[in-house]
Amino acid sequence: MDPVLIGELLAGLMFFGIIGFLLLGFPVAFTLAGVSLMFGVVGMAFGVFDPSNFGALPNRYIGFMTSEVLVAVPLFIFMGVMLERSNIAEQLLLTMAKLFGNLRGGLGMSVIIVGAMLAASTGVVGATVVTMGLISLPAMLRAGYDPKLATGVICASGTLGQIIPPSTVLIFMGDMLSGINSQVQMAKGNFAPTAVSVGDLFAGALLPGFLLVGLYLAYTIFKAITDPESCPATPVPPEEKKDLPREIAVSLLPPMLLILSVLGSILGGIATPTEAASVGAVGAMILAGLRWRLSFTTLRETTVATATITSMVFVILLGASVFSIVFRLMGGDNLVHEFLSNLPGGPLMAVAVVMAIMFVLGFILDTFEIIFIVIPITAPVLLMLDIDPVWLGVIVGVNLQTSFLTPPFGFALFYLRGVAPDSLPTSAIYKGILPFVFLQIFAIAILFAFPGIVTWLPRLIAG
Numbered sequence: 016m017d018p019v020l021i022g023e024l025l026a027g028l029m030f031f032g033i034i035g036f037l038l039l040g041f042p043v044a045f046t047l048a049g050v051s052l053m054f055g056v057v058g059m060a061f062g063v064f065d066p067s068n069f070g071a072l073p074n075r076y077i078g079f080m081t082s083e084v085l086v087a088v089p090l091f092i093f094m095g096v097m098l099e100r101s102n103i104a105e106q107l108l109l110t111m112a113k114l115f116g117n118l119r120g121g122l123g124m125s126v127i128i129v130g131a132m133l134a135a136s137t138g139v140v141g142a143t144v145v146t147m148g149l150i151s152l153p154a155m156l157r158a159g160y161d162p163k164l165a166t167g168v169i170c171a172s173g174t175l176g177q178i179i180p181p182s183t184v185l186i187f188m189g190d191m192l193s194g195i196n197s198q199v200q201m202a203k204g205n206f207a208p209t210a211v212s213v214g215d216l217f218a219g220a221l222l223p224g225f226l227l228v229g230l231y232l233a234y235t236i237f238k239a240i241t242d243p244e245s246c247p248a249t250p251v252p253p254e255e256k257k258d259l260p261r262e263i264a265v266s267l268l269p270p271m272l273l274i275l276s277v278l279g280s281i282l283g284g285i286a287t288p289t290e291a292a293s294v295g296a297v298g299a300m301i302l303a304g305l306r307w308r309l310s311f312t313t314l315r316e317t318t319v320a321t322a323t324i325t326s327m328v329f330v331i332l333l334g335a336s337v338f339s340i341v342f343r344l345m346g347g348d349n350l351v352h353e354f355l356s357n358l359p360g361g362p363l364m365a366v367a368v369v370m371a372i373m374f375v376l377g378f379i380l381d382t383f384e385i386i387f388i389v390i391p392i393t394a395p396v397l398l399m400l401d402i403d404p405v406w407l408g409v410i411v412g413v414n415l416q417t418s419f420l421t422p423p424f425g426f427a428l429f430y431l432r433g434v435a436p437d438s439l440p441t442s443a444i445y446k447g448i449l450p451f452v453f454l455q456i457f458a459i460a461i462l463f464a465f466p467g468i469v470t471w472l473p474r475l476i477a478g
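Using this note's numbering, read the sequence shown as starting at 16 and increasing by one per residue.
Everything labelled a hint here was simulated from the structure, so no lab data went into it.
Do not rely on the hints blindly, as some may be mistaken.
Unchecked claim - Derived EDC-like pairs: lysine to aspartate or glutamate, alpha-carbon spacing no greater than 20 angstroms straight-line:
1. Lys203 with Asp348
2. Lys446 with Glu244
3. Lys203 with Glu353
4. Lys446 with Asp161
What the hints assert, rightly or not - Cβ-Cβ distance ranges computed for the label pairs, FRET-style:
5. Ile34 with Ala71: 32 to 40 angstroms
6. Val434 with Thr318: 48 to 56 angstroms
7. Thr81 with Gly159: 49 to 57 angstroms
8. Asn205 with Pro243: 53 to 61 angstroms
Beta carbons are placed, not taken as given, at the ideal position from N, Cα and C, and that holds for glycine.
Could you put together the complete structure from these sequences and hints?
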């Protein structure tokens with residue numbers, strides 16, 4: 016049999032073999048590396064894989080550890096966890112709820128707005144969903160909200176951290192797409208390609224993030240008009256109204272200024288994402304200190320949580336590197352190229368197929384696991400088909416956010432189930448999220464139809 020055909024066959028079997036082992040419950044990082052090594056040995060036996068290729072792994076690992084771009088990841092995680100552990104996020108939500116309390120659906124709208132603000136400070140979905148589930152779900156249920164609407168609003172707004180900058184997912188995708196785009200452009204003969212940066216992805220994701228927030232708010236207002244009993248007003252007592260201006264000044268404005276300074280410095284080209292992340296981390300500690308919430312215990316818990324989350328992500332990245340080497344050098348990239356480039360419907364159909372694959376993988380894999388596996392083997396083909404790398408990265412981010420919400424395996428649903436009261440049935444969470452899943456799909460359709468929503472701001476900033 017043709018060695019090329021054998022290599023492509025083994026690469027395809029390896030991909031599905033990894034999915035099978037993950038379904039059996041094996042850890043992701045070790046599954047990626049272990050199954051890839053096993054297929055590499057099989058490839059050696061058939062003469063389609065050279066073990067000397069593993070010599071590239073040490074340099075690749077060192078590159079990850081010394082990358083100035085990826086240093087932003089633990090800093091942004093630290094910023095978000097500090098805001099959560101110091102109860103700044105809780106005060107933010109309580110103040111916003113009082114601000115909108117006199118409106119029908121006002122509590123739901125406040126949850127959406129605070130979810131967007133937390134997304135712009137944490138970038139970690141699990142922390143945001145759990146925080147808002149603990150704080151806002153009991154308040155919404157006490158206020159007489161329909162449990163389906165309450166859980167849907169919390170899950171959807173909690174996943175905005177996937178797409179609203181400074182999303183840690185966008186940082187990794189920006190780093191990967193930057194290198195892939197440079198290689199593709201050089202292969203096309205363009206030896207001075209326009210660089211793709213994390214800042215470009217942040218700028219490209221800003222308007223789509225606002226689009227999703229607008230859709231969520233519009234649906235909540237629609238429910239308030241058509242079904243007022245599902246989201247009643249929660250009037251603020253007169254004695255609490257007197258303290259509202261002070262609460263806004265103390266609880267709302269400082270986090271907003273921190274978020275705006277971090278994002279503004281990145282989008283304005285004043286600071287790199289890493290520099291802005293360090294400012295954000297220090298700023299979060301200062302805010303915690305001003306509220307007398309910064310203690311050794313808080314600092315230790317925040318540091319441990321940051322190290323745990325960061326280690327988890329980077330271990331998966333290291334395992335995915337082994338998979339990428341074995342898959343590509345056994346001919347898997349040729350297999351993917353032939354499949355995607357021969358699809359009817361051109362480049363957009365190729366993107367749609369990749370999005371569908373990612374959406375299905377979202378049922379069983381975490382976001383980082385998906386991008387570390389799928390982006391390295393599909394992005395080179397898609398960029399070769401002249402797909403804009405910034406648009407591709409943002410579309411992937413919105414798509415993976417949708418997979419976080421989709422029953423029965425959406426991760427956000429499990430996060431909320433873990434902190435919801437036992438009296439709330441799981442079926443209510445599943446039913447409540449469905450309208451927001453349709454809103455997500457509608458948003459993806461809009462971004463497909465009007466790619467300028469993604470590409471306009473990066474091009475404007477680039478001059």
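> For this structure, which hints from the list above don't hold up?
Replying inline: 5 and 6
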